[in-house]
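Asks: Residue strings, one per chain:
There are 2 protein chains.
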Amino acid sequence: MELWYTENQNNHLRLSCKVNETLHVEKTPFQHLAVLDAPGFGRILVLDGIVQTTVWDEYMYHEMIVHIPLNTHPNPKKVLIIGGGDGGTAREVVRHPRVESVVMVEIDERVVAAARRYLPELSCEFDNPKLDLRFTDGIKHVGESADEYDVIIIDSTDPVGPAVGLFSKEFYQTVFKALKKDGLFVAQTESPLFNRDLIARIYGDIRSVFPVVRPYLTCVPSYPGGMWSFMMGSKRYDPISVEPDGVPPLGYRYYNAEIHRAAFALPQFLRESIGQV
Amino acid sequence: MELWYTENQNNHLRLSCKVNETLHVEKTPFQHLAVLDAPGFGRILVLDGIVQTTVWDEYMYHEMIVHIPLNTHPNPKKVLIIGGGDGGTAREVVRHPRVESVVMVEIDERVVAAARRYLPELSCEFDNPKLDLRFTDGIKHVGESADEYDVIIIDSTDPVGPAVGLFSKEFYQTVFKALKKDGLFVAQTESPLFNRDLIARIYGDIRSVFPVVRPYLTCVPSYPGGMWSFMMGSKRYDPISVEPDGVPPLGYRYYNAEIHRAAFALPQFLRESIGQV
Chain B
435 MELWYTENQN
445 NHLRLSCKVN
455 ETLHVEKTPF
465 QHLAVLDAPG
475 FGRILVLDGI
485 VQTTVWDEYM
495 YHEMIVHIPL
505 NTHPNPKKVL
515 IIGGGDGGTA
525 REVVRHPRVE
535 SVVMVEIDER
545 VVAAARRYLP
555 ELSCEFDNPK
565 LDLRFTDGIK
575 HVGESADEYD
585 VIIIDSTDPV
595 GPAVGLFSKE
605 FYQTVFKALK
615 KDGLFVAQTE
625 SPLFNRDLIA
635 RIYGDIRSVF
645 PVVRPYLTCV
655 PSYPGGMWSF
665 MMGSKRYDPI
675 SVEPDGVPPL
685 GYRYYNAEIH
695 RAAFALPQFL
705 RESIGQV
Chain X
435 MELWYTENQN
445 NHLRLSCKVN
455 ETLHVEKTPF
465 QHLAVLDAPG
475 FGRILVLDGI
485 VQTTVWDEYM
495 YHEMIVHIPL
505 NTHPNPKKVL
515 IIGGGDGGTA
525 REVVRHPRVE
535 SVVMVEIDER
545 VVAAARRYLP
555 ELSCEFDNPK
565 LDLRFTDGIK
575 HVGESADEYD
585 VIIIDSTDPV
595 GPAVGLFSKE
605 FYQTVFKALK
615 KDGLFVAQTE
625 SPLFNRDLIA
635 RIYGDIRSVF
645 PVVRPYLTCV
655 PSYPGGMWSF
665 MMGSKRYDPI
675 SVEPDGVPPL
685 GYRYYNAEIH
695 RAAFALPQFL
705 RESIGQV
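Just so you know, the sequences run in chain order B and X. Take 435 as the starting number for the first sequence in our numbering and just add one per residue. Take 435 as the starting number for the second sequence in our numbering and just add one per residue.
Next comes chain B alone, as it looks inside the complex:
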């Protein structure tokens, strides 16, 4: 018998991968959660029927959502992670030498429990003494913080269900207040191929709140189209001004000093989407 997992990436595109077995299926208070084991991708975390991360390609996402902001800020001592329940973002944050403390706010404790059990490659730093892991609403936590964080990383699901509020202008305003006077934040902002209007809207919203706004790109083969976007809003530091010697050697698998700079080069169609012609 062959078992295949198929994801409808949109109305007309499906990605399917062969599956060895379904390791876990659960309805949490927030979403449907599954962990699959696949010969190509290794273990796969699926939330509400959408691939969140696979052991095979997770580093292309996690290194880029973490080391771009941490190497842009000259002294990222205190970091907040919103979401990121699989643990990959926390794993990358705690190994940065200038990070002293990390608060991670994940709304769904069951995602963390599944990652602890099934995704040790990602969840391996949940017990790191630098990390303060809290199960509550990220929007509420940010709203109660003021002048507190150097860097905030928003590692959310797609803008449907529990994550929808994380993609709003009002939220970016509370993020601004929660950051110190030279703080910056990064959010995952979906596919530039399939979500151009969303990215244009987010770009405009962040630009109305932060003096520096920079979209950047990576490749994530298990996400629709393979190309993925992030957006940085920063009060002072510009990520494209980082010099190669500002990138500490941490044994990256995707990221490096050249990728840091190159990630901000936007294809012409995307420049046009956000009004940079």
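Derived by calculation from the structure, the hints in this document are not laboratory data. Among these hints, one or two may not hold up.
What the hints assert, rightly or not - Here's a subset of chain X near chain B, in silico, CB distances under 10 Å, partners left out:
| no. | residue |
| --- | --- |
| 1 | Val594 |
| 2 | Pro655 |
| 3 | Glu692 |
A quick note: this is a predicted structure, and the numbers were derived from the prediction, not measured. Backbone N, C-alpha and C fix where the C-beta goes; we use that ideal spot for every residue, glycine too.
Could you slot chain X onto chain B? The hints should help.
Replies: Coordinates of chain X only, in the frame set by chain B:
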């Protein structure tokens, strides 16, 4: 009734897209040829069961295989295209202002005939007076040329079937001879995610023949994993030395001066594959 086209990208990964209709199916002397019409991708050219190009994302491939080499060479007067039967590469080459003549050598006349009929967005320059279109073996043509071309573009299918000889060290040596004394060439060199060993071998082979060798990347959502590689071998000019004012404004959709430079930034795993640590 719903019709879906499914491609086995490897043993454990399948990409499927909804299809409105099959416009054309044919067994040519060289390969199986089909043209599909799809709601997401527009028309799709399929050779031997592998997607070659789609109207929706072809520019991400064709602009990158053409404008990187043409803007690296300061005076690309005479250009050779090997393959490229869909016409997208020829379309991009002829609109470059310094190109005076183009020889295009496609082994399979039936691909060109299908492109003329079904893919007008790609085949629109087949009758351009700059273009000399010949139906013969590209390896033979290159072997009969000496000191003739400024730029050679190898727009082949995968290294199976008719294209296998285009991925050999012996072929790169004949390409060297066919180029003028400051000539350069580019070849499509498959997926960096799924063909790392092949890319490492090609890199070594081209490096043993050409003084300058530069791999570079683009995104092609309809190809496996979304990330795609090209390799340039050059006798004199280095593509990473091109200044922004060396990029003429030609109404690109993907490529631009920033992308020209950024495409040569390689993810760490790929640097390691080719021995650039």
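Asks: Evaluate each hint against the coordinates.
Replies: Results of checking the hints against the structure:
1. Checking Val594/X against chain B: minimum C-beta separation of about 20 Å lies over 10 Å; hint violated.
2. With 10 Å as the threshold, the beta carbon of Pro655/X comes within range of chain B, its nearest partner Cβ sitting at about 4 Å, so the hint holds.
3. Of the supplied interface hints, the one on Glu692/X holds, with its beta-carbon coming within about 4 Å of a beta-carbon of chain B, less than 10 Å.
Of the numbered hints stated above, the single one contradicted by the structure is hint 1.
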